[in-house]
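Participant: These are the residues of each chain, in order.
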Amino acid sequence: MSQQPEVAVLLVSHDGASWLPAVLDGLLAQTAPVDSVVAIDTGSKDGSTELVRGALDGRLPLALRRLPAGAGFPDAVADGLVTLAEAGRTPEWVWLLHDDANPAPDALQALLDAAAARPDADILGPKLREWPSLRRLLELGVTISGTGRRETGLERGEYDQGQHDEVREVLAVNSAGMLVRREVLEELGGFDPALPIFGNDLDLGWRAAATGRTTLVVPRAVVFHAEAAHRGIRRTGLTGRHTHFQERRAALFTLLANARTATLPLQVVRLALGSVLRMIGLLCVRAVGEALDEIAALIVVLRHPGRLRAARRARAEAIAAVRGADGPDRARVRRLLAPWWLPYRHGLDLVGDLVAAATNQAADVAERRRAAAAERDAATAPPAARHRDEEDDFADTGWVVRFFTNPAALATTLIVLALLIGVRAVVGGVSGGALSPAPESAGDWWGLHLEGWHPIGFGSEVPAPPYVLPLAVLALPLGPSLLVSLLMALSAPVALWGAWRFLRVVGRLVTPYGAPRWLLLWGSVTWALVPLVSGAWGGGRWGIVVAAAVLPWLAHAALGFADPDADHRWRAGWRTGLALALLTAVAPPAWFVVAVLIGVLLASAVRLIPNEVRERSVWGPPVAALLVPLVVLVPWWLPALLEGAASAALLDVGRWPTAATSGWDLLAGRLGDLGAPAVVGLALPLLAGLALVPTATRIPVVICWVVAAVTAVVGIPLATTSIELSGGASQQPGIGIVLLLMHGAWLTAALLGGLALHHLGDQPRPVQAGLALAGAVGLLAPVVGLVWFAGWGGEELTDDEPSDVPVYMAQRAEGADQAGVLVLRGSVADGLRYEVHRGDGLTVGEDEIAALTSEDPDVTALVRGLATSPDPDAVAALSDRGILYVVQAAPADGAVAASLDATSGLVQASSGSGTRAWQVDPEPGPLPDDTPWGRWLLLLVQGAAIPVLVVLALPPLRRSRDD
Amino acid sequence: MTEAPRPGRRATLSRERRIDVLVLLAILLPAIVAVSVAVIGAEDDSLPGPQPPTTATLTSATVICPGGTSGRSGVRVSRAPEVRGGELAVATAPARGSVTKATAPVTVAPRTSVVLPASAGAVVVEGRGDAAPGIVAGRDDRLAVPECRAPSYDEWLVGIGASARHATTVELVNPDDGDAVVDLALIGEDGPVEEPALRGIEVPAHGVRLVDLAKEAPRAEVTSAHLTVVRGRVTATARTTWDPLGRGRVTTDFLPADPEPATSSLLLGLPDRPVAPTLHLANPGDDEVRVTTRLVTEQAVFTPTQGRQVAVPPHSTLSVDLSKVLSGDAAKGTLGLLVEATGPVASSLMTFDRDDLVLLAPAPEVRDPAALVVPTGDKTLVLGGAERAGVVHVTSYDASGKVLADDPVEVGADRAVPLTLPARAVAVAVEARNTPIRAVVTVPASGRQPGLATLRLLPAELRARIPAVAPQ
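In order, the protein sequence lines correspond to chains A and B.
So in my numbering, the last one in the first sequence is 1192, and the numbering has no gaps at all.
So in my numbering, the last one in the second sequence is 499, and the numbering has no gaps at all.
What the hints contain is simulated information worked out from the structure, not anything from laboratory work.
Hints are supplied without guarantee of correctness; some may be wrong.
Some chain B residues close to chain A (C-beta under 7 angstroms, calculated; not the full set) [as the list claims (entries may be wrong)]:
#: 1; residue: P57
#: 2; residue: I59
#: 3; residue: V64
#: 4; residue: I67
#: 5; residue: D71
#: 6; residue: H253
#: 7; residue: V256
#: 8; residue: R451
#: 9; residue: I493
#: 10; residue: A497
Yeah, the Cβ is synthetic: ideal placement off N, Cα and C, and Gly gets one too.
Sequences are here, hints too, so could you generate the full structure?
Facilitator: Written out as structure tokens, the structure is:
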């Protein structure tokens, strides 16, 4: 063996009795000779020192030091160096070991070999592997990102397969197993005592790089590290209970202490903003403690600028001492620091994780139930699902191959394409039927949502409909017109997707194999077609179209109520609640219908499984789901109740009146006089009836029928009443949701019954024929529906007729709220109707307010007075109410016109043929615009409730880094 | 404690019961759905339909008489039955004058009548307050009597001429302080006719404007005019002159306006032996309209064998020669024409009685007591258009307000009744019970220039109509 350099081991321990025996064995088993050992203990109370003494005394030259518990790792190392110096030992190398870092027998040898091969190396680090798993990689050198994140360049839980086994230069290596030239360590001033536990290795590495020293990682040297302090297994007075706080504080300190002076202010701002963002992010994943740690760390670091200044000065002096006028070795540091884009990449990964977790979680309900059942009864192993996940089946092939070899995916794509062709009418803005034109900008929607008094008609305090807030949020990036088009265009594909996911879980709940893909495809396509074939799409009843897209996701979330785990059930409750709030926003009667459904299902559950239901985590989530919309939508329903517009909670959204739906239409899935031929819609109830025949799936099919029957019964009062609207029209309450729920239940029943088709060969011949016939009917119905929709679905969706208001008046009205145009229609003989055109006319979100605002008798009397006899006070009253023009739509009744002509203060204005127009003189002043504090209070409740509920509903993303 | 559990039996029992429950539910639940669907049944939306106006006391009324045919013509003002009467403001224009000027007010008590002095030109009579309801006026002219009526806003003049032979002049009278503007939209045999000169005809405040179509917009064909008042108030009166260009007598009559196209119109007051009767039909709609002309006699309404259906193309005027229809024996005793159409049409009849031009237009329906100022001389009231059997009280007054005759006349659906009025009568009150009616007074003239004048009974303005107003 060649001449070995002298190596002293510094073993730092603190309450490490759990790991020390193995560590000491590892130390003793080293193939390379160790010249001396300095064991420094920082106030252990578990006999660590005795363990060390017992293992090493007499076998290696040992110096044992005891430091108080308050001493940090840097203090311990410094003490160790002093001890060496006092003992007259001047080893070339110092090998640092933690009490939880167990070196492989050849670790030191490998490090020394590398040092011999690279004489320029001053600090060398081993490959750290997880202890006790021993195979997973922890670190192979580390660096720090711009946001202070410790970057290892490894995937989480990556296994060591030799994939990183080359010696390379790094910014820093972990102090566990670090081999460092004693002189260099002394020259750098050791570890910074300001970083007692975490991050001092990074800081040392950064300082070393700045002074031009080379740090290498030597993967052939392996040290197993328990990371006891980081994982919170070992708590000392220094780590406290808040390891996250200590880590962040260390990271921020390291960044600010070592950053270039020129970029320091920028760095401070960036870290402050970054910390706030991270805090929000942590709050979003319900990690409140860490969020507080995050912000506390920032405050602690910034509160002591003196410490930072001192640290920076010390670093500058050290660099000056080594490099003189050359200054720090910037090129080396820049090369070794993490690239600038890394934090953004992590952000992107996080979003991906979030989406994946949010969409995948409830899919596991079936599996979790089965796993729980298997746990209870270990003898029956759960059979594998027919398709646990698409990815598993084609794990090794690219997505293109996977796509083109998957008939379900191909068919889905084709159908989505067909649906998109069917909705071609939405290109370039869409309106017609119950759908008004979209407003000019998202700001209009925000205004509508926030204000307590709307300049609509003669002014209204009826609150904005509940869907205005989500529309306003979504319109921020998209713009209202494009948003409405996209809502109409994408609802069907989203409904298809949601139905697929819901039905897949339902299938797996019912049979361990799950439903076959072709059946899922049939089910989801049929569901996507329900709102289209019903005529909701073509009639502009966009609330029902969107509700059809939301409903399967809600149902999917609600399946979580059956989860064996209480946490999952609660999360399902919040999720269902939020989905129900959205559903209620676009189809307000949905809340009542779902409330009755949940009531009936809970009551049945009490009857069937009384013991389980008594538990709060069982009945609580469904009840919570019902309460969530009440809280989230409080700025809508409470003022509506107070303003006498409570009927808004029973009406579908959009422009009224719409044609009433009969019982037969409900059965056939058609709305009013819209929709495809009834035969198409009748297929579902027919198939659902047939689905009651197979005994194997009868229980779930009967549950579906319970849903359908309860919904139908709730539909009776909804369908048979009528609600008076302003202006004498009446409107049937919204039963779109009744239609959707009934057909959804039938669809699910038919799909479950369809599982019986699977064993067709085993059935007697007549049964086979019957099943085949049912299958054919089921197949034909969506095909006919799709063809109908692609060809004729959008015929009703024609743009509105041009307005009676002359263009110049409309332009003036757009400019100011008070430049309203009073439009009179009709004649003395048939009755006069008046309405006010303000802004850009009635747009999406304003129709409901206008229709639900009760008639102001003063205004009606004013208009009647204007129409019958000239009244000198009428003009002032008009001006006060923000009316600049009066327009009599063609054909204008001359008797009314003559009365207006004779009214002083009304000046003739130009207008088109057949239309009469007058301008009000004097021009109206600005309208009052004060939103009462009560409105702000309600908005505050809403604003606070939504993020809290979203956080509660989010999946547990905060996987600890140990996983 | 006393009852020992019997698990075996209970288990069997519950098992049977569970199966039963499932089957029961499988039958019951679809039944519930079916019943619910049946209970919902058909639902109707009630959309707000036309809402009839309410009425209130009339506080302001205007009646306008156009200028008469002769310089000696005078306006007589009277009252509908059962109104209180009072002082009326009067403005008159000299014969062919272009401005009306206020003159001394007159007071007209119920059942009396007053002749306005110097009223050969256009006359505006206005009543306020109690004096407003039931103002009636008329001229005592021969052969051609104009209608005195309130301003109107939208009406049809069917069969107007704009040539030397057949010339129509429209007289527009504006009673108000502000300008009025009138549009005349012509439709001819081949469709709408653009005549910029007839668009935006301005009538100055208190002005009288004569629009001579032969001068303003000469045209050989017969047309119809849709008259709309674009601004202010105007009473329009069309006067048509027939000039056979040296081959006969030049004769004039007033063309009554058709207030709105209708699917059924009754033209009453046909001469005994009409010469060259021509029915003018105007179809303002977008679809072709098929028109049947039926004859109304004292006994019945019937379709003559010679009569055939005619088709009026959309947006055009059609002239139909009724000579054959009205010349046979079957046509004897015809009092009126019933024009029935598959769509709304406006109509008028042009004919000659002993070389005198006679123009008839649909008689308006009268539901309330009404009155008519009539010329002196022989005359006949032709009553028709009753919807059911009823009695009409016709009271004739002389110039002093004395009742000359008070005749109850029985009317019925699908027939017309002529009633001879006293020659001295200057005002006639008509009160129909149980049925609305339509009526025309025919005033034959004999002597050197024989002929016939007709005058329609117009509904009296008794109450103000207040529209039903509601937000949309």
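Participant: Now tell me if each hint is right for this structure.
Facilitator: Here's how the hints hold up against the structure:
Hint status for P57 (chain B) relative to chain A: holds, with the closest Cβ pair at about 6 angstroms, below 7 angstroms. Restraint check, I59 (chain B) versus chain A: the minimum CB separation of about 4 angstroms is within 7 angstroms; hint holds. A cut of 7 angstroms between beta carbons decides the hint on V64 (chain B): the least distance to chain A is about 4 angstroms, and the hint holds. Hint status for I67 (chain B): holds, given a least beta-carbon distance of 3 angstroms to chain A, under 7 angstroms.
Taking 7 angstroms as the C-beta cut-off, the interface hint given for D71 (chain B) holds, the closest approach to chain A being about 6 angstroms. Because the beta carbon of H253 (chain B) sits about 11 angstroms from the nearest beta carbon in chain A, more than 7 angstroms, this interface hint is broken. Look at V256 (chain B): its Cβ gets to within about 5 angstroms of chain A, closer than 7 angstroms, so that hint holds up. Because the smallest distance between the Cβ of R451 (chain B) and any Cβ of chain A comes to about 37 angstroms, over 7 angstroms, the interface hint for this residue is violated.
Hint status for I493 (chain B) relative to chain A: holds, with the closest Cβ pair at about 5 angstroms, below 7 angstroms. For A497 (chain B), the interface hint holds, the least distance from its beta-carbon to any beta-carbon of chain A being 5 angstroms, beneath 7 angstroms.
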